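Asker: From just these sequences and the hints, can you work out the full model?
Number of protein chains: 2
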Amino acid sequence: MTERVKDTCLDQIFRESRTHNAWLDKDVPDALLHELVDLVKLGPTSANCSPARILFVKSQAAKDKLKPHLSEGNRDKTMKAPVCAIIGYDLDFYEHLPKLFPHTDARSWFAGNEQKIFDTAFRNGTLQGAYLIVGARALGLDCGPMSGFDNKGVDRDFFAGTNVKSNFLCNLGYGDGAKLLPRSPRFAFDEMARIL
Amino acid sequence: MTERVKDTCLDQIFRESRTHNAWLDKDVPDALLHELVDLVKLGPTSANCSPARILFVKSQAAKDKLKPHLSEGNRDKTMKAPVCAIIGYDLDFYEHLPKLFPHTDARSWFAGNEQKIFDTAFRNGTLQGAYLIVGARALGLDCGPMSGFDNKGVDRDFFAGTNVKSNFLCNLGYGDGAKLLPRSPRFAFDEMARIL
Chain F
1 MTERVKDTCL DQIFRESRTH NAWLDKDVPD ALLHELVDLV KLGPTSANCS
51 PARILFVKSQ AAKDKLKPHL SEGNRDKTMK APVCAIIGYD LDFYEHLPKL
101 FPHTDARSWF AGNEQKIFDT AFRNGTLQGA YLIVGARALG LDCGPMSGFD
151 NKGVDRDFFA GTNVKSNFLC NLGYGDGAKL LPRSPRFAFD EMARIL
Chain H
1 MTERVKDTCL DQIFRESRTH NAWLDKDVPD ALLHELVDLV KLGPTSANCS
51 PARILFVKSQ AAKDKLKPHL SEGNRDKTMK APVCAIIGYD LDFYEHLPKL
101 FPHTDARSWF AGNEQKIFDT AFRNGTLQGA YLIVGARALG LDCGPMSGFD
151 NKGVDRDFFA GTNVKSNFLC NLGYGDGAKL LPRSPRFAFD EMARIL
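As you go down the protein sequences, you meet chains F and H in turn.
Residue numbers are given in the numbering used here: position 137 of the first sequence equals residue 137, and the series is strictly consecutive.
Residue numbers are given in the numbering used here: position 41 of the second sequence equals residue 41, and the series is strictly consecutive.
Keep in mind that a hint or two might mislead.
[As the list claims (entries may be wrong)] Derived coverage of chain H by chain F (criterion: at least 3 residues anywhere in the stretch with Cβ under 8 Å from a Cβ of chain F; other residues may be distant): (1) 53-60; (2) 98-108; (3) 112-118.
[As the list claims (entries may be wrong)] Heads up, simulated DSBU-like pairs for lysine-lysine below, C-alpha to C-alpha not over 35 Å straight-line: (4) K67(H) x K6(H); (5) K179(F) x K99(H); (6) K77(F) x K65(F); (7) K99(F) x K99(H); (8) K99(F) x K67(H); (9) K116(H) x K179(F); (10) K6(F) x K26(H); (11) K26(H) x K116(H); (12) K152(H) x K6(F); (13) K26(H) x K65(F); (14) K152(F) x K63(F); (15) K6(F) x K152(F); (16) K6(H) x K77(F); (17) K6(F) x K116(H); (18) K116(F) x K165(H); (19) K80(F) x K165(F); (20) K67(F) x K99(H); (21) K179(H) x K99(H).
To be clear, the hints were calculated from the coordinates, so they are not data collected in a lab.
Keep in mind the model is a prediction, meaning the values are calculated, not measured.
C-beta: ideal position from N, C-alpha, C; glycine also.
Answerer: In structure tokens form, the structure reads like this:
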């Protein structure tokens, strides 16, 4: 049985962290991205299916390839972010279950069932995307997650020859806090939850 | 610019936390569930759309209602968990955008576009489900997330008269660490990520 983490940690990963649109000119080292993936992959997925596939767009050449697929409002800020993570999900994830969930034939739960494959890949790939957001914040990075882009174009240019589909994007770096707007309103407890 | 959180916090939310199947006989107070929702709702969603709806199944009557919808492997452990959270997503989420994203007409981005409504509700509702897992761990709770249940049955018995659809379940409580099995294998960095 564990105690709660310190309030400074809750503040950093939830209470005071914000979605950033403006970035300081400060590099995100590759070693930190490796450390981030080492956190993300430990988060729970159903049958440990781990469908998320992550491309960290960091070089100018990779950014140039991403740029035309971004919605206008996401273009400039993403070009200025040190890194943009493309979070995708692999519809072939179940082929890896003999390795990831070795104690039973979990592959057979999915093979041939397209709806279940999609639901599982999208749900669990998105869970892993959230672990990336929270994990990045815990490592001292700021995040700018985005849905506004041409998914089909990104799939064609970044995931050709695979069955990976893009899910969402997340800029990563050190945000310029001076450029933040006030936080948008949130629901009260009763508007989103109930104890039965 | 923030520093990384302490390693004890990273350990608690990612490195040492595990999916639990056996629960200590220890209550989860309602006040802690309120505090959990106060964390979950701060996590980012696109256009602050906040589609997750959460039912905390805690009373015996509510558990009895949930029981027949659980897959056999999830039944007993869920009945013994102090709380089972039903995480759903509201396909009518965009009706709340005038409140949640008041500075523009975001409702019109969704109304009438069923595919975009589904994608946005499922993606962002799942992100919020992951915030619930991580937030619960940060508050000292253990989690047991599950996909094995009859979604349509749960929707009928718990979300009748709404446009909320069940996404996944998550048992919450204080896990019995003595009953844990070894962690399943994870991918190496190169199997799930690349820096471009």
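Asker: The structure should be examined with respect to each hint, and the outcome stated for every one.
Answerer: Now the hints, each set against the structure:
no. : hint              : verdict
1   : 53-60             : holds (count 7)
2   : 98-108            : holds (count 4)
3   : 112-118           : violated (count 0)
4   : K67(H) x K6(H)    : violated, 40 Å
5   : K179(F) x K99(H)  : holds, 23 Å
6   : K77(F) x K65(F)   : holds, 15 Å
7   : K99(F) x K99(H)   : violated, 46 Å
8   : K99(F) x K67(H)   : holds, 32 Å
9   : K116(H) x K179(F) : holds, 30 Å
10  : K6(F) x K26(H)    : holds, 22 Å
11  : K26(H) x K116(H)  : violated, 42 Å
12  : K152(H) x K6(F)   : violated, 40 Å
13  : K26(H) x K65(F)   : violated, 53 Å
14  : K152(F) x K63(F)  : holds, 17 Å
15  : K6(F) x K152(F)   : violated, 42 Å
16  : K6(H) x K77(F)    : holds, 30 Å
17  : K6(F) x K116(H)   : violated, 39 Å
18  : K116(F) x K165(H) : holds, 16 Å
19  : K80(F) x K165(F)  : holds, 25 Å
20  : K67(F) x K99(H)   : holds, 32 Å
21  : K179(H) x K99(H)  : violated, 45 Å
The structure does not agree with the numbered hints 3, 4, 7, 11, 12, 13, 15, 17 and 21 stated previously, though it agrees with the rest.
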